[in-house]
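Same order as they appear, the protein sequences are chains A, B, C and D. Heads up, the first sequence is in my numbering, so the first residue is 4 and it goes up one at a time. Heads up, the second sequence is in my numbering, so the first residue is 4 and it goes up one at a time. Heads up, the third sequence is in my numbering, so the first residue is 4 and it goes up one at a time. Heads up, the fourth sequence is in my numbering, so the first residue is 4 and it goes up one at a time.
Hints are computed from structural coordinates only; laboratory data are not their basis. Every value quoted in this text rests on a predicted model; they were computed, and no experiment measured them. Virtual Cβ for every residue (Gly too), placed ideally from N, Cα, C. One or more of the hints may lead you astray.
[Stated by the list, open to error] Listing some non-contacts, in silico: residues in chain A with all C-beta distances to chain B over 12 Å: (1) E19; (2) K20; (3) Q42; (4) Q50; (5) D75; (6) G82.
[To be verified] Each pair of labels, with its calculated beta carbon distance range: (7) A:E125 x D:H96: 49 to 55 Å; (8) A:E23 x D:D138: 47 to 53 Å; (9) A:I46 x C:H81: 14 to 20 Å; (10) A:Q50 x B:V37: 53 to 59 Å; (11) B:K83 x A:V79: 46 to 52 Å.
[What the hints assert, rightly or not] Quick list of in silico lysine-lysine cross-link-like pairs, DSS-like style, CA-CA up to 30 Å: (12) B:K76 x D:K20; (13) A:K40 x A:K76; (14) D:K20 x A:K76; (15) B:K40 x C:K76.
Number of protein chains: 4
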Amino acid sequence: MAKVLIVYYSRTGNTEKMAELVGEGAREAGAEVVVKKVQEAEIADLQEADAIIFGSPTYYGHSAGILREFIDKSVVLHGKLTGKVGGAFASSHNLGGGNETTIRDLLDALLVHGMVIQGSVEGDHYGPVSVGSPDRKAETQCRSLGQRVARLAEKLPA
Amino acid sequence: MAKVLIVYYSRTGNTEKMAELVGEGAREAGAEVVVKKVQEAEIADLQEADAIIFGSPTYYGHSAGILREFIDKSVVLHGKLTGKVGGAFASSHNLGGGNETTIRDLLDALLVHGMVIQGSVEGDHYGPVSVGSPDRKAETQCRSLGQRVARLAEKLPA
Amino acid sequence: MAKVLIVYYSRTGNTEKMAELVGEGAREAGAEVVVKKVQEAEIADLQEADAIIFGSPTYYGHSAGILREFIDKSVVLHGKLTGKVGGAFASSHNLGGGNETTIRDLLDALLVHGMVIQGSVEGDHYGPVSVGSPDRKAETQCRSLGQRVARLAEKLPA
Amino acid sequence: MAKVLIVYYSRTGNTEKMAELVGEGAREAGAEVVVKKVQEAEIADLQEADAIIFGSPTYYGHSAGILREFIDKSVVLHGKLTGKVGGAFASSHNLGGGNETTIRDLLDALLVHGMVIQGSVEGDHYGPVSVGSPDRKAETQCRSLGQRVARLAEKLPA
Numbered sequence: 004m005a006k007v008l009i010v011y012y013s014r015t016g017n018t019e020k021m022a023e024l025v026g027e028g029a030r031e032a033g034a035e036v037v038v039k040k041v042q043e044a045e046i047a048d049l050q051e052a053d054a055i056i057f058g059s060p061t062y063y064g065h066s067a068g069i070l071r072e073f074i075d076k077s078v079v080l081h082g083k084l085t086g087k088v089g090g091a092f093a094s095s096h097n098l099g100g101g102n103e104t105t106i107r108d109l110l111d112a113l114l115v116h117g118m119v120i121q122g123s124v125e126g127d128h129y130g131p132v133s134v135g136s137p138d139r140k141a142e143t144q145c146r147s148l149g150q151r152v153a154r155l156a157e158k159l160p161a
Numbered sequence: 004m005a006k007v008l009i010v011y012y013s014r015t016g017n018t019e020k021m022a023e024l025v026g027e028g029a030r031e032a033g034a035e036v037v038v039k040k041v042q043e044a045e046i047a048d049l050q051e052a053d054a055i056i057f058g059s060p061t062y063y064g065h066s067a068g069i070l071r072e073f074i075d076k077s078v079v080l081h082g083k084l085t086g087k088v089g090g091a092f093a094s095s096h097n098l099g100g101g102n103e104t105t106i107r108d109l110l111d112a113l114l115v116h117g118m119v120i121q122g123s124v125e126g127d128h129y130g131p132v133s134v135g136s137p138d139r140k141a142e143t144q145c146r147s148l149g150q151r152v153a154r155l156a157e158k159l160p161a
Numbered sequence: 004m005a006k007v008l009i010v011y012y013s014r015t016g017n018t019e020k021m022a023e024l025v026g027e028g029a030r031e032a033g034a035e036v037v038v039k040k041v042q043e044a045e046i047a048d049l050q051e052a053d054a055i056i057f058g059s060p061t062y063y064g065h066s067a068g069i070l071r072e073f074i075d076k077s078v079v080l081h082g083k084l085t086g087k088v089g090g091a092f093a094s095s096h097n098l099g100g101g102n103e104t105t106i107r108d109l110l111d112a113l114l115v116h117g118m119v120i121q122g123s124v125e126g127d128h129y130g131p132v133s134v135g136s137p138d139r140k141a142e143t144q145c146r147s148l149g150q151r152v153a154r155l156a157e158k159l160p161a
Numbered sequence: 004m005a006k007v008l009i010v011y012y013s014r015t016g017n018t019e020k021m022a023e024l025v026g027e028g029a030r031e032a033g034a035e036v037v038v039k040k041v042q043e044a045e046i047a048d049l050q051e052a053d054a055i056i057f058g059s060p061t062y063y064g065h066s067a068g069i070l071r072e073f074i075d076k077s078v079v080l081h082g083k084l085t086g087k088v089g090g091a092f093a094s095s096h097n098l099g100g101g102n103e104t105t106i107r108d109l110l111d112a113l114l115v116h117g118m119v120i121q122g123s124v125e126g127d128h129y130g131p132v133s134v135g136s137p138d139r140k141a142e143t144q145c146r147s148l149g150q151r152v153a154r155l156a157e158k159l160p161a
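Start from the sequences, fold in the hints, and give me the full structure.
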């Protein structure tokens, strides 16, 4: 059973709803899921997980500084996350408001950690985005990310 | 009076509608506007314009190959477009479908040409995106890009 | 034995050398490797491979138009490449000349195809880059990409 | 005389050296220059400047969290920086180590603030990058950015 860790920052609650939906998707695919606010997560949590998913609102086109600070601190694990599975999601106020650049910012961090990521042929190709509170489409995309990551982590045991 | 050139590729007509709206915005701001399909544009057209705006549908996260081929050929003008004003817009099938990565791909090309670009504090920050046929929001964003580019080109005569 | 396909465009020969080095790395890791110029590749080749690696020079910050045209045509296989492994490499004239934006452009295309990519904790995190003809560092990075992709493809049979 | 503000984060001193070189370039072009560590900068400083340049080391492919936290706080000035000139620079440990993605992350923030940025036809197209301590090439690129930004700010008074 793959262990999936979801670490997110949320101020208004939109990204938090997405985190829960991604978690539901991962559970549906058979994973053991832990969902944590970045303020409550510890760097050591990253090493225990088989898969790590980051979520953030879009602040000036990228992920929240508080989440990047957490990622910066993960340098103590550099080389120890290689081969784990990763994913990312983002909320924003507007279509075209930077949600894709936020997701790719988070995916870049996962790649620098030597992690494995997968896109999707349908919908939100890089990871789920929500404009404001997640609507039905965003819900489907969030669950789909959780399932995708859980299934890939199952095939790639740490 | 600033000369604004809009070069776009469109297969379904969505990007073409955006091109016309961007052109209307630029005209409203007092510019002389030429709107051309990439198949009919010539590299020399780029040198005559004070401002250049590229538009494309989103194909696999980026601009259409036919538009990139045109940009590749613009290397004969390398160094001669420095200081001109630029902008970009994109259409896609989905929210989260790659429209932002497409716009930034086009903005990158303008930056490598030494051109000047401006973002927007409202709405589509990097440039207008449309999911499918442009709705009222996309229309506003397209006009706004045209105006922004025309006004900046007025201040920065070639 | 994983089948790794490398499709590249090269004008000056630098990207071609990188393609050969990536291929050697993949063979060292036990893969069956095919290296093809984009002009000689067919879309059907993509479906037969377990892993696909794209390589390009950096033209205006992104991959060559001729390679993007090939990728655009791959839409006929949309949904059929899901779960395959991917990778990318790029050459450029300068450090800071757009090689990273070129690699991420190609990685985006692979993600939109639902493919799986892996970064690296050492050296060129997103994929190998070469400034001019590949030096020893670039050689190491190219072989490393080939090995990484071949090993991941072995674990994720199509 | 244009006022150019340079805000940077530096841990090892490499980015600090770049900040000073960018500042020298801006002074050579006639600007009044203030160079500040992000820890000592205040959000109000941004409003007083005609041009703002951000610099950061590359941490996991993007700018340091501490700099993004500063940018996040700049939301209190949203809409008030429109039309100011911007620029960015980055240091990294490796070629291919994420310096371009770091610069574009910072440029994105400037675009979301409605600011104006200019690329370069020579060398580091998006902004200067340094692998380790700035060498002669990086020095030239840093001065060039300072000059470019100062000259553009002169033409675009706030």
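Here's how the hints hold up against the structure:
1. E19: holds (19 Å)
2. K20: holds (16 Å)
3. Q42: Per Cβ check, Q42 of chain A is outside 12 Å of chain B; nearest 27 Å; holds.
4. Q50: With a cut-off of 12 Å, Q50 of chain A remains clear of chain B, as the shortest Cβ separation is near 30 Å.
5. D75: At roughly 24 Å from the nearest Cβ of chain B, D75 of chain A sits farther out than 12 Å, so the non-interface label holds.
6. G82: holds (29 Å)
7. A:E125 x D:H96: 49 to 55 Å: violated (38 Å)
8. A:E23 x D:D138: 47 to 53 Å: holds (49 Å)
9. A:I46 x C:H81: 14 to 20 Å: About 39 Å separates the Cβ atoms of I46 of chain A and H81 of chain C, which means 14 to 20 Å is violated.
10. A:Q50 x B:V37: 53 to 59 Å: holds (58 Å)
11. B:K83 x A:V79: 46 to 52 Å: The hinted range 46 to 52 Å holds for K83 of chain B and V79 of chain A, with Cβ atoms some 49 Å apart.
12. B:K76 x D:K20: violated (37 Å)
13. A:K40 x A:K76: Answer holds: K40 of chain A to K76 of chain A is near 16 Å, not above 30 Å.
14. D:K20 x A:K76: holds (24 Å)
15. B:K40 x C:K76: Status holds; Cα separation ~20 Å.
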